[in-house]
Amino acid sequence: MDAEITLRVDGADQPVTVDTRTTVLDALRERLGNTSPKKGCDHGQCGACTVLVDGRRVLSCLMLAVAADGAEVTTAAGLANGDLHPVQRAFIDHDGFQCGYCTPGQICSAVGVLEESDGELSRAEVAERMSGNLCRCGAYPGIVAAVEQAAGEQR
Amino acid sequence: MKPFAYQAPTTASDAVRQVADDPDAVFLGGGTNLVDHLKLGVARPGALVDVTSLTSAEITERDGGLLIGAGVRNSDLAADPRVRERYPLVAQALLSGASGQLRNMATTGGNPLQRTRCVYFQDVTTPCNKREPGSGCSAIGGYTRYHAILGASEHCVATHPSDLAVALTALDATVHLLGPDGERTVAFGQLHRLPGDRPDKDTVLDHGDLITAIGLPDLPMARRSTYRKVRDRASYAFALVSVAAAVDLDGDAIRDTRIAFGGVAHKPWCATRAEDALRGQTAGVDAFRAAAEAELADAAPLEGIDGGNAFKIPLLTRTLVAVLRELTGVNR
Amino acid sequence: MTGLLEPKAIGTDLRRRDGALKVTGAARYAYEAPVDNAAYAHPVQATIGRGRVTSVDTAAAEALDGVIAVLTHENAERLASTEDAELAVLQSGDVAFRGQVIALVVAETSETARHAADLVTVHYDEQEHDCVLDPDGELYKPDKVNPAFETDTAVGDVAGAMASADVTVEQTYTTAMYHNNPLEPHATTALWQPAGDGGDLTLWDSTQGVHPARSTVAEVFGLAEDQVRVVCPYVGGGFGSKGTPHAHVILAAAAARAVPGRPVKLALTRPQMFALAGYRTPTIQRMQLAANRDGVLSAIAIDVVEQTSRIKEFAEQTGVPTRTMYRAPNRRTTHRLAALDVPVPSWMRAPGECPGMFGPEVAMDELAEALGIDPVELRIRNEPEVDPDTGHPFSSRNLVACLREGAARFGWDERDPRPGVRLRDGWLIGTGVASSVYPVHQMPQSTATIRCEDGRYVVEIGAADLGTGTWTTLAQIAADALAVPVADVQVCIGDTAYPMASVAGGSSGMITWGSAVVEAAHAFREKFGDDPADGDEAEGSVSENPMAERYAMYAFGAQFAEAHVNADTGEIRVPRLLGVFAAGRIVNPRTARSQFQGGMTMGLSMALHETSVMDPRFGHVVNHDLAEYHVATNADVADLQAHWLDEHDDKVNPMGVKGIGEIGIVGTAAAVANAVHHATGVRVRDLPITLDKLLPHLP
Ligand SMILES: Cc1cc2nc3c(=O)[nH]c(=O)nc-3n(C[C@H](O)[C@H](O)[C@H](O)COP(=O)(O)OP(=O)(O)OC[C@H]3O[C@@H](n4cnc5c(N)ncnc54)[C@H](O)[C@@H]3O)c2cc1C
Ligand code: SF4
Ligand code: FES
Ligand code: FES
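Protein chains in written order, with the UniProt record's numbering: chain A, 1 to 155; chain B, 1 to 332; chain C, 1 to 699.
Worth double-checking, as some hints may not be accurate.
As the list claims (entries may be wrong) - So these bits of chain C aren't anywhere near chain A, every CB distance computed over 10 Å: (1) 25; (2) 51; (3) 165; (4) 312; (5) 400; (6) 412; (7) 427; (8) 598; (9) 692.
What the hints assert, rightly or not - Reference listing, derived: stretches of chain C covered by chain A, where coverage requires no fewer than 3 residues with Cβ under 8 Å from a Cβ of chain A: (10) 8-19; (11) 174-185.
Hints were generated in silico from the structure; no laboratory data involved. Since we're looking at a predicted model, the values are computed, not measured. Ideal Cβ placement from N, Cα and C applies to all residues, glycine included.
Given only the sequences and the hints, what does the whole structure look like? Please build it.
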């Protein structure tokens, strides 16, 4: 069953026809040509599909596009607004990735973490809050260092 | 995934009617469990009725306790200062579950109704009485690490995966429902069922019953409470066992206590025998252990291809003792 | 070999050249190939452990709006070569293991393809299957073990040495079944263009080697190699599972050939990967060590039992590292396989070394304990002068230096050897050590071209970057070989349109491709001097290294772990993991550190979490997703450090590099197991080390 919806993706309104079964992730990747968020599991188990919806980090693979009609979706592509986002720069500085497949999700998640936290985060807290984003390449030390750097810059 | 209709009614009663009138319709909350199951073919509804914006997303004071709208997201509930101060076990249970992203999506109404993580239940190519009544239980003699040691039946040995539900069971929270026949409440401890010969039914809810809110009671001892989850990796994993507990102390004497277990039964396990054993006792490790043993006297571990799950008995005993040591400050 | 390249760009910690593309998600992986009007393919898998498909009913699937084709063994094209049984998809109704592909749906959308796949009904003639690895069951001796090692080796008299030794260790160790689980699921976008000379097949495939993938696909379909193009600029991890094409690549190509002119996308789901993308066999390792009171080994032996699939042999070389690690006059290694009705095992990060350094390195710890000798010291005492296997000298061997450096950095000297005596804040604390090793592999073929364009140097080679840093490090090598600033070098990889490159496997990439690039650079300078004109181009290929015949070439390392075990619950945490490696010259410290750390993290994950649970009743891995098959999360990793020694080895290749992608996973699990023992006094010999194995022994 098809439905007409509009997603506001990385600042631009995108009307799109979706199957009711289409997730926000598939709508972005297969219908809107935005392949920034990745599909690692399609079941909420890896975090690769993390995007910001209305400013909060969520898993786009478990969100039905019809249910997100009108939502403001930000992907890692949209975070880079001409210049890279400070979190993105920090990931490059600390080599917080290897293959890069988990990375757009890590970046969105990290932006969400910084948004959510009211005080300074310990190393362990950063690691815990970033644990919904698996990295099979094992870039965790770089990821934590990158989030800490970005948090420092934000303060 | 089979096609389905998507409906977004504007009132809760419309939503209830739409589901009650259509045996093939289900409510859609945050979708973190339902959408997963749609993809797996575990759930095959004909219509989804979105209730995320119909139920309240507010937490309000009520009768000395708190009333949590079913639409409140798990992350917002965990972050609420009143919850953190008055019901720390609730915040801890939530924060020990899933991931930041999932908690931003999952709702208070949907969380307790998530279904078991039994690998056979989630795999439509294997027999499972819960998914397909009468087909058999593959977990018996199979992969049992995450399965029950209490209250199971020959038809199903699954566990309930929610952390929040364990905390709500310990608190004896109240479930506020809107059904086709109007509003009613159910004690949280009565919400979930044991499998018996109907493992397909997780709860006592009828088709069309909508959770509108969950009430936390006025329970001062909940300020001295905790949730301890033991799992196979440091984060983003379901419980092997968990303990939610609150203690009311008078010096070293235990005036009252609330205890519930997770990861060991088809429902969050209200540890009434342990509570009874502790009430009026002097806090001490021996008393704690005796309470655990009283509760686990009927535990029936499973044998399986993975060596079975008998380890959950000492694990839960030790976890409960540790939790009570921590809450009472009594280490001997 | 004449001296090493003078390092200028080599050794600098440049940021990744593909960094900006990856942090924005702009880097395109196989499924994201820029094609229009794609169709989507979804496999249907067998739900029996063994037998034959008697009928496939595709009517309901075909009737679905948007279904383009349903391929089964009855209507799929006959492949030119079915020699590789794993790749002979849809050629017969035989089912060799549960999860094998028996049909493929092609549809207009991914949702429809998936739905239609559910609607395909299959009837079987089911036969009994056997999926249980039993060391006392039926076993056979493979001709060779991966890739071409002797199956068994024996020197002297192990039994005699065991009988007469002061101290012996005789124990059995097991490692679990592991799945590579790269975060990017295996995926292929395929396009068949029937025009031209018989047509052209383009595959955007997630692969560790575009040229090897092309050869395989060309052979399977009976196409000339130049009819097939494989493109893969970015790979979302592979760890071996993308080293050889698996069934889905053939399926995607077959689907594309069924809908000429239309690109077809196929991505395995995560559960499908557990049956269709390779895995590491479980291993059973019987170890024997004999030593005198001083800890000098008189015998070392490992007898390995592992599994392969009945339809295709893969013999993991688990016993091989034992041939090289320590000196002992009496030695034996053997490999026996059980051929089972299981998915086809394949390469996974450090095949052989990774599982094969678990048993031996825990056994060494047990021996150290029995002797009352420090485990670092015990290893040092058994350091061989020459390779015990071949008798050749080592081109360089710095295991001892790694152990010493690691011990110093880790604070090993303060260690109280007694197990189970340190309790702090409710946690039992211990430390452990293990050695790492990985051979220097150079592949026989790879070619690079270098061309001058607008005053810059364009290096082309069909190499792969799996996150290993190739985009950046090959530029560094080319820069030094050409003696130009690295900014003047542009690298083009990941496409069979470029010269032939070997697979990114066996940590051979930098060695092999780098050597080709150095050769190309030399050829270029020889031909065109220091002032080339636009369009000048030269080619170079890797050539056999004569030193490889005369020297044993290995990287070594030492890993130190600190384990904390919760005294109440048995939960295990590893707050510190420190590795020191001697792996030749490090081309880029930034990306190298990530490689070492990534390997160590996967080793930690293997130690504590990973196990694919095969349910023998059904014949499939039941925890086949990332919620139930646990890999380490961010919170499982704390202070994880990788260091390396400045190692100068002029025998291995002109760059002096040894390969770093795999050694990090070697020995980690043993170091953790040894630390857990030191913390608790409990010796866990079966991976993973989970709390249930510790609980009965906790205070
Ligand atoms: C990888 C992963 C890891 C996880 N780890 C944990 C964990 O460690 N601990 C834990 O507790 N949970 C965990 N979860 C589960 C997660 O917490 C639940 O999926 C979530 O809480 C469900 O809430 P939801 O709003 O998304 O429910 P939905 O998925 O929308 O719905 C779940 C069920 O409830 C019904 N429903 C929804 N709302 C209502 C309502 N108001 N009234 C009546 N019926 C309703 C739906 O019809 C459906 O049957 C994990 C999930 C994933 C995917
Ligand atoms: S334990 Fe319950 S859910 Fe699991 S297979 Fe058995 S019946 Fe199904
Ligand atoms: S793809 Fe969404 S969590 Fe893995
Ligand atoms: S960078 Fe490869 S999975 Fe994280």
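Okay, the hints, checked on the actual structure:
For residue 25 of chain C, the non-interface assignment is contradicted: its Cβ lies about 3 Å from the closest Cβ of chain A, within the 10 Å cut-off. Against the 10 Å criterion, residue 51 of chain C stays outside the reach of chain A, whose nearest CB is about 29 Å from its own CB. The claim that residue 165 of chain C is not at the interface with chain A holds, since no C-beta of that chain comes within 10 Å of its own (minimum 40 Å). The beta carbon of residue 312 of chain C is kept farther than 10 Å from every beta carbon of chain A, the shortest such distance being approximately 25 Å.
Distance check on residue 400 of chain C: its Cβ is at least 27 Å (rounded) from any Cβ of chain A, clearing the 10 Å threshold; non-interface status holds. Chain A leaves residue 412 of chain C outside its interface by the beta-carbon criterion, the shortest separation being 21 Å against a cut-off of 10 Å. Distance check on residue 427 of chain C: its Cβ is at least 14 Å (rounded) from any Cβ of chain A, clearing the 10 Å threshold; non-interface status holds. With a least beta-carbon separation of about 4 Å from chain A, residue 598 of chain C fails to lie farther than 10 Å from that chain, contradicting its non-interface assignment.
Every C-beta of chain A lies more than 10 Å from that of residue 692 of chain C, the closest at about 23 Å, which supports listing it as non-interface. A count of 4 residues in the region 8-19 of chain C with a Cβ less than 8 Å from any Cβ of chain A is obtained; the coverage claim is therefore met, three being the minimum. Three residues within the 8 Å Cβ limit are the bar, and the region 174-185 of chain C against chain A gives 5, so the coverage statement holds.
Comparing the model with each earlier hint shows violations of hints 1, 8; every other hint is respected.
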